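Visitor: Following the hints, complete the assembly by docking chain X onto the known chain G.
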Amino acid sequence: MSVTSKILSFGAVACVGAAFAMSAVPATAWEPSHPIEIIVPAGTGGGADQMARTMQGIISKHSLTKQPVVVINKSGGAGGEGFLDVKNAKGNEHKLIITLSNLFTTPMATGIPVNWKDMTPVAMMALDEFVLWVNAEKPYKTVKDYVDAIKAQPDNTFKMGGTGSKQEDQIITVALQKAVGKKMIYIPQKGGGAVAVQLVGNHIDSSVNNPIEAVAHWRAGKLRPLCVFDPKKLDYKDKIAGDMSWNDIPTCKSAGLDVEYVMLRGFFMPPGVSKDAVSYYVDLFKKVRETPEWKKLMADGAFNQSFMVGDEYAKWVAEAEKLHEGLMKEAGFMAKTN
Amino acid sequence: MFEDIGNLMHGFAVVLQPQNLLLMVVGIVLGVIVGVLPGLGGANGVAILLPLTFSMSPTSAIIMLSCIYWGALFGGAITSILFNIPGEPWSVATTFDGYPMAQQGRAGEALTAAFTSSFVGALFAVIMITLVAPLVASFALRFGPAEIFSVYFLAFCSFVGLSKEPPFKTIAAMMLGFALGAVGLDQMTGQLRLTFGFESLLSGFDFLIAVIGLFGIGEILLTMEEGLSFRGKAAKINLKVVIQTWKELPKYWMLSLRSCLIGCWMGISPAGATPASFMSYGIAKRISKRGHNFGKGEIEGVVAPETAAHAAGTAALLPMLALGVPGSPTAAVLLGGLLIWGLQPGPLLFVEQTEFVWGLIASMYMGNIVGLIVVLTCVPLFAAILRIPFSVIAPIILVLCAIGAYTVHNNTFDVVMMLVFGVVGYFMKKANYPLAPMVLAIVLGDKAEESFRQSLLGSQGSLGVFFSNALVSTVMTLGLIALFWPIIQEGISRVRVAMGAARPAQ
Numbered sequence: 001m002s003v004t005s006k007i008l009s010f011g012a013v014a015c016v017g018a019a020f021a022m023s024a025v026p027a028t029a030w031e032p033s034h035p036i037e038i039i040v041p042a043g044t045g046g047g048a049d050q051m052a053r054t055m056q057g058i059i060s061k062h063s064l065t066k067q068p069v070v071v072i073n074k075s076g077g078a079g080g081e082g083f084l085d086v087k088n089a090k091g092n093e094h095k096l097i098i099t100l101s102n103l104f105t106t107p108m109a110t111g112i113p114v115n116w117k118d119m120t121p122v123a124m125m126a127l128d129e130f131v132l133w134v135n136a137e138k139p140y141k142t143v144k145d146y147v148d149a150i151k152a153q154p155d156n157t158f159k160m161g162g163t164g165s166k167q168e169d170q171i172i173t174v175a176l177q178k179a180v181g182k183k184m185i186y187i188p189q190k191g192g193g194a195v196a197v198q199l200v201g202n203h204i205d206s207s208v209n210n211p212i213e214a215v216a217h218w219r220a221g222k223l224r225p226l227c228v229f230d231p232k233k234l235d236y237k238d239k240i241a242g243d244m245s246w247n248d249i250p251t252c253k254s255a256g257l258d259v260e261y262v263m264l265r266g267f268f269m270p271p272g273v274s275k276d277a278v279s280y281y282v283d284l285f286k287k288v289r290e291t292p293e294w295k296k297l298m299a300d301g302a303f304n305q306s307f308m309v310g311d312e313y314a315k316w317v318a319e320a321e322k323l324h325e326g327l328m329k330e331a332g333f334m335a336k337t338n
Numbered sequence: 001m002f003e004d005i006g007n008l009m010h011g012f013a014v015v016l017q018p019q020n021l022l023l024m025v026v027g028i029v030l031g032v033i034v035g036v037l038p039g040l041g042g043a044n045g046v047a048i049l050l051p052l053t054f055s056m057s058p059t060s061a062i063i064m065l066s067c068i069y070w071g072a073l074f075g076g077a078i079t080s081i082l083f084n085i086p087g088e089p090w091s092v093a094t095t096f097d098g099y100p101m102a103q104q105g106r107a108g109e110a111l112t113a114a115f116t117s118s119f120v121g122a123l124f125a126v127i128m129i130t131l132v133a134p135l136v137a138s139f140a141l142r143f144g145p146a147e148i149f150s151v152y153f154l155a156f157c158s159f160v161g162l163s164k165e166p167p168f169k170t171i172a173a174m175m176l177g178f179a180l181g182a183v184g185l186d187q188m189t190g191q192l193r194l195t196f197g198f199e200s201l202l203s204g205f206d207f208l209i210a211v212i213g214l215f216g217i218g219e220i221l222l223t224m225e226e227g228l229s230f231r232g233k234a235a236k237i238n239l240k241v242v243i244q245t246w247k248e249l250p251k252y253w254m255l256s257l258r259s260c261l262i263g264c265w266m267g268i269s270p271a272g273a274t275p276a277s278f279m280s281y282g283i284a285k286r287i288s289k290r291g292h293n294f295g296k297g298e299i300e301g302v303v304a305p306e307t308a309a310h311a312a313g314t315a316a317l318l319p320m321l322a323l324g325v326p327g328s329p330t331a332a333v334l335l336g337g338l339l340i341w342g343l344q345p346g347p348l349l350f351v352e353q354t355e356f357v358w359g360l361i362a363s364m365y366m367g368n369i370v371g372l373i374v375v376l377t378c379v380p381l382f383a384a385i386l387r388i389p390f391s392v393i394a395p396i397i398l399v400l401c402a403i404g405a406y407t408v409h410n411n412t413f414d415v416v417m418m419l420v421f422g423v424v425g426y427f428m429k430k431a432n433y434p435l436a437p438m439v440l441a442i443v444l445g446d447k448a449e450e451s452f453r454q455s456l457l458g459s460q461g462s463l464g465v466f467f468s469n470a471l472v473s474t475v476m477t478l479g480l481i482a483l484f485w486p487i488i489q490e491g492i493s494r495v496r497v498a499m500g501a502a503r504p505a506q
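Chains as they are written, first to last, in this note's numbering: chain G, 1 to 338; chain X, 1 to 506.
Just chain G, same shape as in the assembly (with noise of 0.2 Å):
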């Protein structure tokens, strides 16, 4: 009895609020009329697929959209089955896409053929970043200890281990290699929390784990981060382990390795869908980002909370796919083209 009270009392509160959020906000054209689906091209439990499922209760919770949202895991072929499903449902107004950086790689690492500009951009909701971490019984307390360290020693010495084969952590150790003059082991995992863990059990030197992925472990002081591949420091200022915070860690390229790299969380819908819809959505997602919800997954994984849409956040896009091609082509990952 009391549980039904509960979500009857919730329901009623959820309503005053989505009155109040209607009234708020000027009312678009366009209105979904069944079920919005979220396609996640990744597997569950990755960040892609927590950022969508966090969405997805945030948007039930505060009843932001009249339908119920269904988050949808397509991983299969490294994500290139979700982004053909998009690609293929021309017109479809009630799905979306989230991405992450295998939006580019997939497509050139597999020659599936998919690509972007298949799709309509709808928004940039934040960068995930990736910091470079070792186990904290490492002597290496800084950058600069880390490279002396992989300089004495002979090519292939060094352990790297990273999230998947020619996608965004590959694509940050060929880089990282290259600063250093150094090759190293890449060894691929199936997801981070497993590439963390590896870190911790000392069966790999050093990884370049998410914040959210290594966050636990550096807390319980088994991981040390040395930098952070964004061009400028963490936002984040509350302390995290002892006296460290994200604001704390220094960049590399500061630190004197010279690599660049944060990876795109935004959403995508298939071809051919009307702007009214496209705007729809990125009022909903505005919505979400002034959640308590959101702001705290924001804080939890250190996200940077860039927000772009329309013209810009294509524009933005298209400058990643060719610093990706770049990378792709320079670290020899580019499938042969037929």
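Everything labelled a hint here was simulated from the structure, so no lab data went into it. Some hints could be false.
Result set (SDA-like, lysine to any residue): computed pairs, CA atoms no more than 25 Å apart in a straight line [to be verified]: (1) 66/G to 49/X; (2) 336/G to 326/G; (3) 190/G to 463/X; (4) 190/G to 331/G; (5) 95/G to 52/X; (6) 190/G to 458/X; (7) 240/X to 221/X.
For clarity, every value in this text was computed on a predicted model and none was experimentally measured.
Guide: Below, chain X alone, put in the same frame as chain G:
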């Protein structure tokens, strides 16, 4: 230690609140339904229901979600035994003896044994978690790629050579399984393999689709050929069968204990429940006096895999909480849930969120007890399903299989694949090719390959990495012993025969 017990008691107090008890029963029932529908599975079930829990307190939410998990674990056994359709990878081994038992009219017995064993396995693992949680977490850290591969190696070795079919057919079926498992993206190089340019093959052959087809559809085709009737329609349908089976079960305490230990160990090492169930079944068959009877409806063949799978499934939650690495897809979704509720899985969770952690552990105890009661009272009901005429039940099974296959990836192509696998399964059975080795290869093949290649990457190609420390050497040696066990056993029996021949002379 005493502080922990105090925390646990506090956890029980939280769990026993009427609201939470109600959530628990709701969770179990939903979980059983999810488990019964093949393909829907615990991971999808939890994912669908996750948003419902955002308005609850984290403790209530995890109680409900973990009960869905338990319910799905229990439910997976039902279809395995009644229809030869395993709903989850770790239920495959349960079909080997569970389904023959159902065909002999002993469905009630098989279900009771399966549910009770699941309960025993899970309970054993929870007690272990309660007592040695911190130790266990640090043990899990010792598993690098080589160690993980050695565990898969042991799982394969303890299973090879089990089937009655000629070794050549076993190997052929297993190789076919490896080939099917290799389709899709190669995790190590990021290249597509064996897709021949077909976009539908990008995601490879999901284990569940293969199994639903090979076992479920294949079985229906066979039954149709044999005259459209279930052989198990004489199933007894009263609760006495539960009591009768319970009287018999204590005999197998040694088997249960061994299966519990195998399960816990596999659950903590990141290999998980599926190899645990296969390994436990394989070892039970080798050691049991009635081993020759396995596969023909032997109750020990139900007890061994179910106990181990559930001990492993439960023990696998520990690395998830303590290290943040999910041991199964369901655990991965639960992990996402934890983050949304603002809880950070990791070494500090046990220190910072004591109420949550001990509430969860208490809910594991209670959830299993409530689950056992719920499913046991339904045993006659489940067994009675077999009394429904085949012409009515077969279309229903077909529809459920199709829904299940579709749900795995939301892909209609998978439904077609399921039917193809059904026909393949039918012909393999007709030609006496064993299905189990093929399924084992599809489920574990790509994971074993991945850890094998990770190890060799790390060692720069040297196989010495598999004997580089005490842990990995021990597991590899155990694997080799298991592989050559038939030869060793023959050696032992020859010695025995020789001694036996000597004895009458005395």
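Visitor: Taking the hints in turn, state whether each one holds.
Guide: Hints versus structure:
1. Restraint check for residue 66/G and residue 49/X: satisfied, since their Cα atoms lie roughly 19 Å apart, inside the 25 Å limit.
2. At most 25 Å may separate the alpha-carbon atoms for a hinted pair to count; residue 336/G and residue 326/G meet this at roughly 15 Å.
3. For the given pair, residue 190/G sits about 23 Å from residue 463/X by alpha-carbon distance, which is consistent with the 25 Å threshold.
4. As the CA atoms of residue 190/G and residue 331/G are separated by approximately 21 Å, the hinted pair is consistent with the 25 Å bound.
5. A threshold of 25 Å between alpha carbons decides the hint, and for residue 95/G with residue 52/X the separation of about 22 Å falls inside it, so the pair holds.
6. Under the criterion of a C-alpha separation no larger than 25 Å, the hint pairing residue 190/G with residue 458/X is consistent with the structure, at around 16 Å.
7. Distance restraint check for residue 240/X and residue 221/X: the Cα-Cα separation of roughly 33 Å exceeds the 25 Å cut-off, and the hinted pair is therefore not satisfied.
Of the numbered hints given earlier, the model fails hint 7 alone.
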